[in-house]
Structure formats: C-alpha cells, structure tokens
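As given, the protein sequences belong to chains Z and G, one line each in that order. Counting in my numbering, the first sequence runs from 1 upward without gaps. Counting in my numbering, the second sequence runs from 1 upward without gaps.
Rather than coming from a laboratory, the hints here were simulated on the basis of the structure. By construction, the Cβ of each residue, glycine as well, lies at the ideal position given by its N, Cα and C atoms. Each hint should be verified, as a subset may be incorrect.
Here are the simulated lysine-lysine pairs, DSS-like style, with alpha carbons at most 30 angstroms apart [stated by the list, open to error]:
1) G:K184 x Z:K49
2) G:K91 x G:K129
3) Z:K49 x G:K93
Not close to chain G: a few residues of chain Z, all C-beta gaps over 12 angstroms, as computed [stated by the list, open to error]:
4) L35
5) S80
6) G178
7) M222
Distance ranges between label pairs, derived from CB positions [unchecked claim]:
8) Z:S24 x G:K57: 48 to 54 angstroms
9) G:T82 x Z:K169: 50 to 56 angstroms
10) Z:V234 x G:Y235: 40 to 46 angstroms
11) Z:V234 x G:S147: 22 to 28 angstroms
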Amino acid sequence: MQQKKKNPSEFIITKTIQVSGLSSILFVLLILYFLLSEGIPAIFEVPFKDLFSQRWYPIEEYFGILPLILGSLVVTLGASIIAVPFGILTAVYIAEIAPKWLAEILKPLVELLAGLPSVVLGFLGILIVSPFLRDGLNLPTGLTAFTGSLLLGGIALPTIVSISEDALKNVPVSYRHGSLALGLTRWQTIWSVTFPAARSGILTAIMLGLGRTIGETMTVMMVTGNAPVMPESVKALFLPIRTMTATIASEMGEVASGSVHYHVLFLIGMVLFIFTMVVNILASLISARQLKRSERILS
Amino acid sequence: MKYFVIICFFSIILFGCTNVQDSTDNINSLSDKVYIENKGSDTMVNMALYWAEQYQKENTNVSISVTGGGSGTGISALISNTVDIANASRKIKDEEIDAANDNGIQPVEYIVARDAIAVIVNVENPIDKLSLQQVSDIYSGVISNWSEFGGDDRPIVKLSRETNSGTHVYFLESVIRLGDSADKTIFSADTLLLPSSEGIIAEVRENPNAIGYDGLGYITPDVKVLAIKNQNGEYILPTVETVNLNSYPISRDLFVYVNGTPKAEILAYINWILSNSGQKIVMDLGFVPILGDN
Chain Z
1 MQQKKKNPSE FIITKTIQVS GLSSILFVLL ILYFLLSEGI PAIFEVPFKD LFSQRWYPIE
61 EYFGILPLIL GSLVVTLGAS IIAVPFGILT AVYIAEIAPK WLAEILKPLV ELLAGLPSVV
121 LGFLGILIVS PFLRDGLNLP TGLTAFTGSL LLGGIALPTI VSISEDALKN VPVSYRHGSL
181 ALGLTRWQTI WSVTFPAARS GILTAIMLGL GRTIGETMTV MMVTGNAPVM PESVKALFLP
241 IRTMTATIAS EMGEVASGSV HYHVLFLIGM VLFIFTMVVN ILASLISARQ LKRSERILS
Chain G
1 MKYFVIICFF SIILFGCTNV QDSTDNINSL SDKVYIENKG SDTMVNMALY WAEQYQKENT
61 NVSISVTGGG SGTGISALIS NTVDIANASR KIKDEEIDAA NDNGIQPVEY IVARDAIAVI
121 VNVENPIDKL SLQQVSDIYS GVISNWSEFG GDDRPIVKLS RETNSGTHVY FLESVIRLGD
181 SADKTIFSAD TLLLPSSEGI IAEVRENPNA IGYDGLGYIT PDVKVLAIKN QNGEYILPTV
241 ETVNLNSYPI SRDLFVYVNG TPKAEILAYI NWILSNSGQK IVMDLGFVPI LGDN
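Okay, chain G solo, but in the shape it has when bound (with noise of 0.2 angstroms):
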C-alpha cells in the first residue's frame, strides 16, 4: 500500500512531464511557421504592429510579435539575443555595441522611417510659435511663466517622456542642449516625467499650463502644435512635407537592428519594411517615410 502511493505520487509527476513534452512537440512539427521577435522603442510600437499586421496579412508563414518598452529595452533584448529585430528611435549607443559584442552578438543598422518631434500646448494657451532656445528656456527652467512670450500670466508645467526612452534622450540633446554635445544643460527637476505618450497627451489636453513634446505619429488634433523657428529663422510646423524638405528642425531617423546576418525571413521582412508598401504604413501613421530621402 505504501509503495503504491509512492509509486501514484512520482508517475503523477512523471505523466505531467511527458504530456507538456508531446503538447510543445506537435506543435512545432504541426506547422512551418517563421516566429519574429520584435521589441524596442514606444515611439515606433504602433507602426511596428501594422508592418507586422499586413506582413502576415500577406505572409501566412511568417508570425510576428511586437512589442514595446522603449529603444534601450529593445537593444538590451537584441545584445541578450532574446529579440530578433529590436526597433530604437535613437541610434545603438557605444557601450550598447560594446556590450553586443562581448554577447557574440553583432547590431546591423538599417533606417526604416523618419521622425518629427512636435511640441505641443493645450489649444487654450494663445502661443503659437516658439524657438528653439525658448523651448530650451522652458525645460532648464529660466523661464517659467507663460507670460514672458506674451501669452497668459500662468505658470508653465513641463511634460516629459521618462528617461528611458529614446523620445526623451533625443529632445535632451537636439532641443535642451540646442545640439552642442559640450552643454551639460539638463530637465529641470520639477519636470513632469509621465511613463507613457498618451499621458502626455491627456495632460496637454486637459491642462492650459502644461507644454509637452512627443513623436508626431502620437499628436491628436485636440492639442495644439507650436511651430518651431529653423535656423533660416521661419517658424515651421511639423508636417510629412516640412520633415522631408529637413526644413523642421526637430526630426530623426527611426532604426531597427538586426543580429548580423539575419536569416533570409528576417530579411525578407525589413526588405518589405523599406519597400511601398511598409514605407505607406510609415506615412499613415503620421510618420515620414524614408523614400522620400532618395
């Protein structure tokens, strides 16, 4: 009797074993599907979903996960080799490429679409149109009240991504510190720093004091753009034409990376990503595609 129960408790945890082994086993031989892990930056998440969304559309071998996080989060993933096309909105850091390296791991570039950053206010606040400096102004906290560019007597709330995206580092170092890599200017402390885009939005929306910034695939029309003054001195509003004719100032290259040679499916997918139809995607979802670079 004793051993029987022994005997009942092990083969219980035995036939377990055995029966998750066959489930995973008939699964992988029961189909040929490719499985494509893509993570990375938030700003490109959405853009990601559809080229995957229409890619299997027209793939039916091919199954693509997408998901978000932020650049670093994608990069971190591709030097642990846990992803096989991570998507950053900031080019792949020094240490990033070091780190990779050490992991075996080697990070190709490609540029699959471009990027404005739009500063946004509520559509109470009668500014319309700020420079760079200004908004620089603005987020060191030298300036802190709206009336000091003629608008109402309120304080300026200010609205930021988190450090950790890509969003973030590259207003840092394009807007704040104007480009000049020797400026150690920083967010002032009393920064708002909102885990997500849509936060962003919803405050700007809701909150006459507040300035924000976010890529222009993520503005709504119930906020209010500023145009931002190019060195030629106009003031620019961020559009598709205006990023393409580089006549905004604050635009990037959105990049994916791959781990050296990818296999030929992988590649077939960022081909696709660079052809009509992914760069279509791109000019849907208020980006700017790359073609129009050539």
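Extracted from the complex, chain Z is given alone in its bound form (with noise of 0.2 angstroms):
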C-alpha cells in the first residue's frame, strides 16, 4: 500500500480480505444479536420459579431447564474425566517416548479420530458399546450420561492430544538435556521438568477439548437416552439423561416459531452459548499467560 498510491487491484484485494476478516466478527455479533433477541422473552414469558424447576416437558408447559443443564454437565464431567489423562497421557507418549517412526505414525491416526462423524460415533455406541455396558455394568439400560462420557470422550481425545503434544514439543531441548546432564531420570524429566514447562498449553488443549464436547449434539441425543432426570448422585453418570443439546437439537424442527417453547429453546441456547464462551476465555487467558512468562524468559 505505501510503496504505490494507488493500484486498484490492490486496493480491492486489500479490501476483501478486510471485509472477510470483519464479517467474521459481525457474523457472530448477528448470531449473538439473534440469540438474545429470541432468548431473552423466555426470561419475560416463564417465570423464575418454573424455569428452575426440575421438570422438563415442553408440550405440558413444563419448563424446567435444570435437569438439562446439570445433564449437559454431567456428561462433560464424565467425558473430562475419560479424556483428560488419557489423552495427556497420549500425548506425552507422542512427545516424549516414542520412537520417531512411531510417534510420525501415531499422531496423524489420533488427528483422523478427530475426522470422524459424530452420527458415526452414535452408531458404534448404540450397537457396541450400550449394550456392552448394560451386561457388563448391569445396569438397566445401556443408554446412560457415562455411554455419551465415552464417546465425547473419543471426540475431546484427538483436540486434546494434538495441542497437547505440540505444547510440549515446544518446550525447548535444551530444558530436557540439562535436566538429564543433572541426573533425572527420563520419566523425573517429564514429570518435573517437561510436563510443567507446557502447563498452559496443555491446560488451553484441555478447554479446547472440554468446548468440544459441551456442544457435541448427535452423539449424545443417539446414546443418552434423553430423559430429563434430575442428576442426584454419582449414580447419575450410569442413568439416562437429557443434554441441552440435544433437547435444543430434537425439539427446534418441531416447535411453532414465536411460541414459549421457541423461545425457551433459545434461551437454552444462550445458556449452552455462555458455557462455551466461558470455556473459550479460559482456554485463552490461560495461553494468554504462557506469552507473558515466554517474554519473561526471553527479556
């Protein structure tokens, strides 16, 4: 731009890109704008008292939303619970351990999982792994919040593997040799010295994968059951429950536009919206806080 004054074609290529780059920001405000426009009558239109109650059913005017909230939660806990250390775990073996050849094998399979169709995921659950539960756990159903933890579990793995093992990739060679040259072991290296030094990366790969798995909707309407009970105890995880997705997912099709069920739905909407974005600003405060201690380091 500075060197020639004026060159059309670069003016209208520099343009473009600038109106991609902000309809993107206006995109989401339109969504936003949307979302409260439609979101917030609910608030106006059900009382307090009933949208906090525990009973969901819609068609009788039953608006409870919190047994789906605490489901949507409960599923994410389990899944968290399946992903996090098994996934960190992954990683590190990409990263650390593993053979060159193995580790260049490894990380593209894992990075594939991430490819696959959630509807397909639904499917395996339904066929192998719910009836697989139900026998081995002895439950009353195979349909149960811990069969949606498992395979959200399988969706949030790929998420938290690739940043986690790019984290701890980037964690300088030089920190490793000099923890060896002073004795540790290999696994004392990865524990005390590696593993620390790519704490906030990991930490934003475990809110990135979390993210995913709040808003993950086929998946959990195929094996959760979708019954809106309220969770009461840890025996939660092993009974069926309702997501926020899933309601929101099954229900919208139907529902007459402008109605309270509409806009209950869209309130559940904004619910689910602030969750994610909570988790996104998270994710980024907390990468936000390794730049400041890698300009520490560097300064």
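Grab the two chains, each in its own frame, and use the hints to assemble them into the complex.
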C-alpha cells in the first residue's frame, strides 16, 4: 500500500481481505443478537421459579431447564474424567517416549479420529458400547450419561492429544538436556521439567477439548437416552440423562416459531453459548499467560 | 492494465450469474414435470415413499419428493407454504389452523389410512398381556418393576418417541391419560425419549428390561407384541383385522393435509392414494387400509 499510492487491484484485494476478516465479527454479533432477541423473551414469559424447576416436558408447559443444564454438565464431566488423563498420557507418549517413526504414525492417526463424523460414533454407541455397558455393569439400560461420556471422550481426545503434544514439543530441548545432565531419569524429566513447562499449553488443550464436548449433539442424542432426570448423586452418571444440545436439536424442528417453548429453546441456546464462551475465554486467558511468561524468559 | 483487472473481476461474477440462470431455465423449459412436495409424520414416511414410487411409475410426468421429520414438521411446512402435502399421524391442532389462516393457508384434511400402536417388550420377557391402565401406570412411573405384573424381578426401562412425534402425543392422550382430557398425568421423567422408531425397536430387541411402543407398521418380528385389554375385557393383539374391527384399543387415523383446493395433479394423487392400489400399499406396510371402514 505504501510504495504505490493507487493500485486498484491491490486496493480491491486488501478491501476483500478486510471485509472477510470483519465479516466474521459481524456474523458472531448477528448470531449473538439473534440468540438474545429470541431467548430473552423467555425470561419474561416463564416465571423464574418454573424455569429453574426440576421438570422438563415442554408440550405440557413444564419448562424446568435445570435437569438439562445438569445433564450437560454430568456428561461433560464424565467425558473429561476419561479424555483428560488418557489424552495427556497419549500426548506425553507421542512427544517424549515413542520412537520417531511410531510418533509419525500415531499423531496423524489420532488426528484422523477428529474427522470421524459424530453420527458414526453414535451408531457405534448404540450397537456396541451400550449393550456392552448394560451387560458388563448390570445396568437397567445401556443408554446412559456414561455411554455419552465415553464417546464424547473419544471426540475430545484428538483435540487434547494434538494440542498437548504441540505444547510438549515446544518445550526447548535444552531443558530436557539440562535435566538429564543433572542426573534425573527420563521419567523424572518428563514429570518435573517438560510437563510443568508445557502446563499452560496442556490446560488450553483441555479447555478446547471440553468446549467441543459441551457443544456436541448427535452422539449425545443417540446414546444418552434423553430422559430429563435430575442428577442426584454419582449414580446419575450411570442413568439416562438429557443434555441441552440434544433438547434443542430434537425439539427445534417441531416448535411453533414465536411460542413460549421456542423462546425457552433459545434461552437454552444462550446458556450453552455462555458455557462455551466461558470455556473459550479461560482457554485464551491461559494461553495469554503462557505468552507473558515466555516473554519474561526472553527478556 | 488496472481497469482490465477490474473488468475481468466483474465479468467473472456476471458470467457466473448468467450461466446459473440459463441452466435452471433449461431444466424448467425442457420438461413439463409436475413436482409435488410431501413432508411430515415419520410414522407415515415409509408408506408415503411407497405411494410416491408406485404413483411415479404409473404417471411419469409427476415427480414426488417425500421427507419425514414428524407430523408437526409437516404441518408447519404446510403453514409456511413450503410443501404441497403434509402427512400427519394426529389431527391438526386449532392453533395450527389459526397460524395457517394467518398465512392465507386453508388446511384441508383427508384420512388416508389407519394405524395401531403396538406395545412391545423383549422376547425374553414372560409378560404377554397388559391392560391400558397397567401400561399407563408403567409410563407414569407408578410401577417400576416387572415383578408387580408377575414377571421377572427386573427394573422397567420405559422407551418413548421424542415429544415432537405424533405417536408420542397420541400415546400420551389415549394411553397414559386413558382418553381423559382433564387428566394431567405425564410421562415419568425417567422415560427415555429416543429420536427414532428404529432406536426404540433396537433397544427393546436388546434389552430384557425395556418396554416401548411404536406404530404397527414399524414392528419387526424380533420383539414381542403385547395383547392389550379393550373395553369388553378381552385381550387383543394388534393386527389388520382387529384394528379394522375396532376391537384393538390403541388405534388411530392417519391424515394428509393440503392447502384449500389444490392443483388437479395433487388431487389426482390423493384420489389414487384412496383407491385400491394406494390402499394395497397401506396394507402391505402393516397399516390398516381405509376401505375397511366402508
């Protein structure tokens, strides 16, 4: 732009790039506006007490969204219990322990898992995981929050592995060499040097992985049974549950637009949006902190 | 040079537009096909597909597209005037008629078939008959173990279609509330709401604790159909004959809705559905033909 004052082709190109960059902000704002304008009326139409009651049965005007929020939380928590340790250990193995040729096969394979359509995972869940869990754990039914958690763990895993592995790889080799030179074993090096150094990257990975599980819909709708039960104890993990995403997906197509039910579904969308936003903000705060620390090291 | 670039840029955009325009025009002018959009009840989607297939074989100038999604989906599509024929396994609601009238749509109803809801359990379950009251008690959560009916000591896992399904609403009104509109009983919260008929059949087939319900047309031989007690005190299995004789207690009419007096082609299609050839397909798919009533 500076060297030639008026070059129309360059002008068009820069403007095009600028417009496409700004349009994404515009789209997010439009979505937010749409979500708020359709969701806010629900707060005035449904008394607060009813909105936080324990029963969801919209065709008879029971609009308690509490079981749905808790349902989403139970499934997400279950998924994190499964995916976080497993994902981090896989990342450590790929980054630190596996021979180079194996790591080069493993990483693309794990990332391939991310491309698996969630509806396929749902099929696997219905046909294999759910009957297996019912027989294995002697549950009344295999369509439970835990089944959803297991499969969502599989969805979060590629994100966690891939980003954690990058974070571990970014730890300077000199750290490892220094630690080994001081006489630490390989395990001690991983546990007390490499891993803490990559901590913020790994936390970001966890946050992004969990962000995916909260928003995941298809798999959850197929395998969790969709019963809007209030989770009361740890046992709820092994009972059917209904998540916010599954509720929106299965009811939005049917609802008369502008009705109370319609507005409440948008309100659920808002709650979901807030959840994922909080997770994403946490993730970016963590990676911003990492940046500051690395600047400190460099200075 | 710079103007050349601009001209190129715009001419690409413009040529792109005209090309698309031309090709759609060609398609429209080349054929005089009549397109009929048909959407709605998942219970009826198989039947609607067979109808459309057979009818298109006999009338090559007609092209019919059939999609499911649920009775309400079909009716809301009719209200927004995006389909020609809406299939529904329940009667249109008053507020839906109002919404349609507001949009300038006059829904006209045709009864095209009859359907029975079968109550199903796993083949390992020793129970083989129940009364409507007992089924209602199971689904409203009053009874939660099969041993209360003399079955095995197993928890009852209740399966239902999602609330957007016409079958769900029909089951709620005629079984759980036993047809009493003042009754406000609803499904117990721990009822599993599955998104598809296939999901219910699959879970009942695999799980000895399960009880489910579904349209007779979707029942496969690998689940056990329960006999239901009617008002005469007889336990009746749902079959084409018992539904036709009105002796099976959980049966209903299936509807299609069109807007006012539709085009001649659409009317001809509906008349064909009501004719012997259309009703034969109804029978072949396990539903109950409408001619049986007359």
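Cross-check of the supplied hints:
1. Restraint check: the Cα-Cα separation between K184 of chain G and K49 of chain Z comes to about 20 angstroms, which is no more than 30 angstroms; the hinted pair holds.
2. A C-alpha spacing of about 29 angstroms is found between K91 of chain G and K129 of chain G, which places the hinted pair at or below 30 angstroms, so the restraint holds.
3. Distance check on the hinted pair: K49 of chain Z and K93 of chain G sit about 29 angstroms apart at the alpha-carbon level, within 30 angstroms; holds.
4. For L35 of chain Z, the condition that its CB be more than 12 angstroms from all CB atoms of chain G holds, with the nearest at approximately 21 angstroms.
5. The Cβ of S80 of chain Z lies farther than 12 angstroms from every Cβ of chain G, with a closest approach of about 24 angstroms, so its non-interface assignment holds.
6. No beta-carbon of chain G comes within 12 angstroms of the beta-carbon of G178 of chain Z; the shortest separation is about 56 angstroms.
7. A Cβ of chain G approaches the Cβ of M222 of chain Z within 12 angstroms, the least distance being about 7 angstroms, so the stated non-interface status is violated.
8. Between S24 of chain Z and K57 of chain G the CB atoms are about 49 angstroms apart, so this pair conforms to the stated range of 48 to 54 angstroms.
9. T82 of chain G and K169 of chain Z have their C-beta atoms about 52 angstroms apart, which keeps the hinted 50 to 56 angstroms range intact.
10. At roughly 43 angstroms, the beta-carbon separation of V234 of chain Z and Y235 of chain G lies within the given 40 to 46 angstroms, and the hint holds.
11. Between V234 of chain Z and S147 of chain G the C-beta distance comes to about 27 angstroms, which sits within the given range of 22 to 28 angstroms.
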